[in-house]
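**Student:** Spelled out from the first residue to the last, the chains are:
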Amino acid sequence: MNHQLRDFLRSPLAIVSLTMLLGLVVLAAIGPVVWRDAADATNTDAMFAPVSAEHWFGADALGRDVLARVMVATRLSLVMALVATAVGALAGIVLGALPALGGKRIQRFASAVINMGLAFPVLLVAMLVVILLGTSKQTAVIALAITMVPSFARLAQTLSARVGGSEYLAAARLLGISPLRQFTRYVLPNIAEPIVVNVTLSIGAGLLALSSLSFLGVGVQAPEYDWGRLLNDGFDQVYTSPMAAIGPGLVIVLAGLAFGIFGEAVASSLRSKSGASIVRVDALGEPPRAVPDDADDSNAASAAAPSTPQPHTPEVLLDVCGLTVAFPSAAGWRTPVKDVSFRICAGEIVGLVGESGSGKSVTAMAIAGLADPSAVVSARRLTFRGQDLLSLSERQKRLVLSDMGVVFQDSLTALNPAMRVGAQLAEIPRIQQGKGHADSASAAVAALAGVEIADPERRAKQFPHEFSGGMRQRALIAMAEMSEPALLIADEPTTALDVTVQHAVLSLLRRECAQRGQAALVISHDIAVLGQLCQRIIVMYRGEIVEDFDTALLRTPQDLRHPYARALVESVPDMNTDKSVPLATISETMFGGEAA
Amino acid sequence: MTVSLEVGGLGNSAQAPDNGRHVAHSVWWSFFIRRVGRMIITLLVVVTVAFVVLRLSGGDPVRAALGPTAAPEIVEQRRDQLGLNDPILVQYFSYLWGVLHGDFGVSLITGRSVGDIVVSRLPATLALSFISFFVVLVVSIPLGMLVAVRTLGGKRRGEEMVFAGVTGFFSSVPDYLLGVMLVVVFSITLKLLPVAGNDSAAAFVLPVAALSLASACSLARLARIEALNTLRDDYVRTARGKRLPNRRIYLAHVLPNMLTAVLTVGGTLLAAMVTGSVLVEQVFNWPGMGTAFVQAITTKDYGIVQGLAIVYAAIVLLVNLVVDIVIALIDRRSTLLESS
Chain A
1 MNHQLRDFLR SPLAIVSLTM LLGLVVLAAI GPVVWRDAAD ATNTDAMFAP VSAEHWFGAD
61 ALGRDVLARV MVATRLSLVM ALVATAVGAL AGIVLGALPA LGGKRIQRFA SAVINMGLAF
121 PVLLVAMLVV ILLGTSKQTA VIALAITMVP SFARLAQTLS ARVGGSEYLA AARLLGISPL
181 RQFTRYVLPN IAEPIVVNVT LSIGAGLLAL SSLSFLGVGV QAPEYDWGRL LNDGFDQVYT
241 SPMAAIGPGL VIVLAGLAFG IFGEAVASSL RSKSGASIVR VDALGEPPRA VPDDADDSNA
301 ASAAAPSTPQ PHTPEVLLDV CGLTVAFPSA AGWRTPVKDV SFRICAGEIV GLVGESGSGK
361 SVTAMAIAGL ADPSAVVSAR RLTFRGQDLL SLSERQKRLV LSDMGVVFQD SLTALNPAMR
421 VGAQLAEIPR IQQGKGHADS ASAAVAALAG VEIADPERRA KQFPHEFSGG MRQRALIAMA
481 EMSEPALLIA DEPTTALDVT VQHAVLSLLR RECAQRGQAA LVISHDIAVL GQLCQRIIVM
541 YRGEIVEDFD TALLRTPQDL RHPYARALVE SVPDMNTDKS VPLATISETM FGGEAA
Chain B
1 MTVSLEVGGL GNSAQAPDNG RHVAHSVWWS FFIRRVGRMI ITLLVVVTVA FVVLRLSGGD
61 PVRAALGPTA APEIVEQRRD QLGLNDPILV QYFSYLWGVL HGDFGVSLIT GRSVGDIVVS
121 RLPATLALSF ISFFVVLVVS IPLGMLVAVR TLGGKRRGEE MVFAGVTGFF SSVPDYLLGV
181 MLVVVFSITL KLLPVAGNDS AAAFVLPVAA LSLASACSLA RLARIEALNT LRDDYVRTAR
241 GKRLPNRRIY LAHVLPNMLT AVLTVGGTLL AAMVTGSVLV EQVFNWPGMG TAFVQAITTK
301 DYGIVQGLAI VYAAIVLLVN LVVDIVIALI DRRSTLLESS
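Taken in order, these protein sequences are the chains called A and B. Just so you know, the first sequence maps onto residues 1 to 596 in this note's numbering. Just so you know, the second sequence maps onto residues 1 to 340 in this note's numbering.
None of these hints come from the bench; they were simulated from the model. This structure is a prediction, so every number in the text was calculated from the model and none was measured. Don't take every hint at face value.
[To be verified] Below, in silico cross-link-like pairs of lysine to aspartate or glutamate (EDC-like), each with a Cα-Cα straight-line distance of 16 Å or less:
#, chain 1, residue 1, chain 2, residue 2
1, A, Lys338, A, Asp37
2, B, Lys155, A, Glu286
3, B, Lys155, A, Asp372
Just chain A, same shape as in the assembly (with noise of 0.2 Å):
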């Protein structure tokens, strides 16, 4: 058996759908045999009998067990729902696929007449169908399947219009396969999951629609009966024996649960095949966390103590020590940062260099309290300004975090893309402290202005898809200082943009950082970048600290302790790198065993 399918079978929810479904099934197909006598023995002793030992269901008024009779009816209302879906499926998905072999007339043809069936209410095309053939079984199931037909159209329409613009069918047209081959073999194997999806859900829909139908009088037509005719025929004695219309109510309900549990089951694998599984967190035990104080705090101290001191020693902002992040993931517990410890003190711009994977945006989010909500984030010690960040409330963090701003990277996805600039920046002063309306956005526009962004009233106005990107950075800088931060995160902040911008964004964030005597923490993974801005620079590499030192150091590679520190310099060109010899690259396992 394949893998997929032992998967599928395993899961609770196929378990349980499956299970009902065979029942069903089992039903249908001896209900009418075993039960048919007492499904039409009329009893006048038993009229409107309410529940008993002999009539779970009670009887109707002919004093026939109803228990007996839904039993009966599972056959037809099965039938029924099979058929209708069957053929509403078929045509929609013929009227749907077809197309995309035709050219693009056919196709806005095609869609056309599908978007009007879809706009076609439903009701009133099974009322017209009755109009047409009167009141049967027959019009029920061509009702049902007539409505069915625009939503599969359109199912298969979009799917196969993917196909239809695919690499493999251009190549089986230019090898003049033929159209029905090209359908059958190309188009159809691509469109089959989602479909197969959908019609088990239908019938599902299906049956509860035909038993609505029956309940109406337009569907099955006494002598006979399904479901819903039973229903209909149990909701007239409600008062007497109320049991003879929920039996089959909740009969349907099962029938129909059964078909949705199921398809929530294979398209929940089908999901799950593409790769986007779920993490069961409490399977994978306690998540790594920060190594305790009395392990060893050497090690930590030297990383904290910047290589070069400081010529006075300053107020100390920020102080990290032993942060350990942790991510849940399929194969369990993942830790991009490991016991990394570092200090910021007021004033000093530091910079955070690494490459991708290495930690520094996980880093920072975490000090920044940003973190993924399912990290687990964890510190011997987390102080910013003296607070311990890891012991306050909520509410408190709020507080004293709202004195370390942050400056995000991607200034596309940054911003609200449903509010105004103005109003996105506007809010801070607005909710923060408490000022007023009128007050919060002149604050905004003249924010906006502080970052050099040219007609501010009008661009306040505006929506974030209408700046470019340098001014959408720029927007989130001013965004950033609104509440004059001591401390200012920048993550990536130029990652985006064009040199040009990005040197310009540079500038700007030097200049706001001296202006206001502001500390920052600036990331990117660009050393070069970091060295213009900066005093110091911390090298992280696989999720821990290799390398903390003072700018000045860019000149003098040689005297870094790290290797891949020592590497990431002297890989930097500058005016004096001979242009003859291929640039400096850091391969893995210059240090591979060192690091991990």
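Based on these hints, arrange chain B on the given structure of chain A.
**Tutor:** Frame of chain A; chain B shown alone:
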């Protein structure tokens, strides 16, 4: 031999991505006009199909309505009255003309105009549907958001399972069935609420509950998923970075951005609720269009059936139109504006 021709039709599905998302007023108006035009065409097709179907239906509708025992003179007289003896095109245009003037036909049995039925019964139907829709929105969106926030990042798995189970179950209980069960429990067994009519506020409770529960459950599921997706978006982290209170983050940053998807589905639910009200009205003997509709079906009065079906269709189409316009207004970069 036709290879070159087929290749010619190749580039069809490759559509140029929209360049520049600046939405000018003209774009909005052209969307509006296109969308209204589409609705009018659909409505015209609906009316035409309804007309053709009634003419095609086997035998004489008047005979069917009046029954086999009616005297031939009466049948003939009623046919004359209804204009059924005119040429078919004349009938079609006079029918269209009538529909345009709010004349949706007459009862084949009593001769009472469908317009009268609509005027007297539409308010009850609309009250039921729109109150139910309001309940759906007010319950499902906050509930979905709340569960999303509480189960963010794989927390509170038990709560998530209970939510998924309960909403999954109730979203697959059909409204009329729920109505029957509510009647049995609350009206017959507990005798708490009235079983029929709409003459008191209490009388609204069960019909509204029956009509809204399934929709509220399925919309709450969607709202939870949309809220989870939105909570993962970068601008929500930006809002947290601004140290805004959670309530502000959820209301000003998460809600507007999840609303497009929720309202799109909500619109189809509202349309479904308008037609679903037919059955619920039947269960609660609600004095709306639905009960008249069902009665007409049972008595085979296809004049009323056709007229009311058109009215229902018009309501559904109108609801869809309004929802599309509201979404285009909320979502400035809505794809609706660019392609529809």
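**Student:** Could you run down the list of hints and mark each one as holding or not?
**Tutor:** Verification of the hints:
no.: 1; hint: A:Lys338 to A:Asp37; result: violated, 74 Å
no.: 2; hint: B:Lys155 to A:Glu286; result: holds, 15 Å
no.: 3; hint: B:Lys155 to A:Asp372; result: holds, 12 Å
Hint 1 from the list above is the single one not met by this structure.
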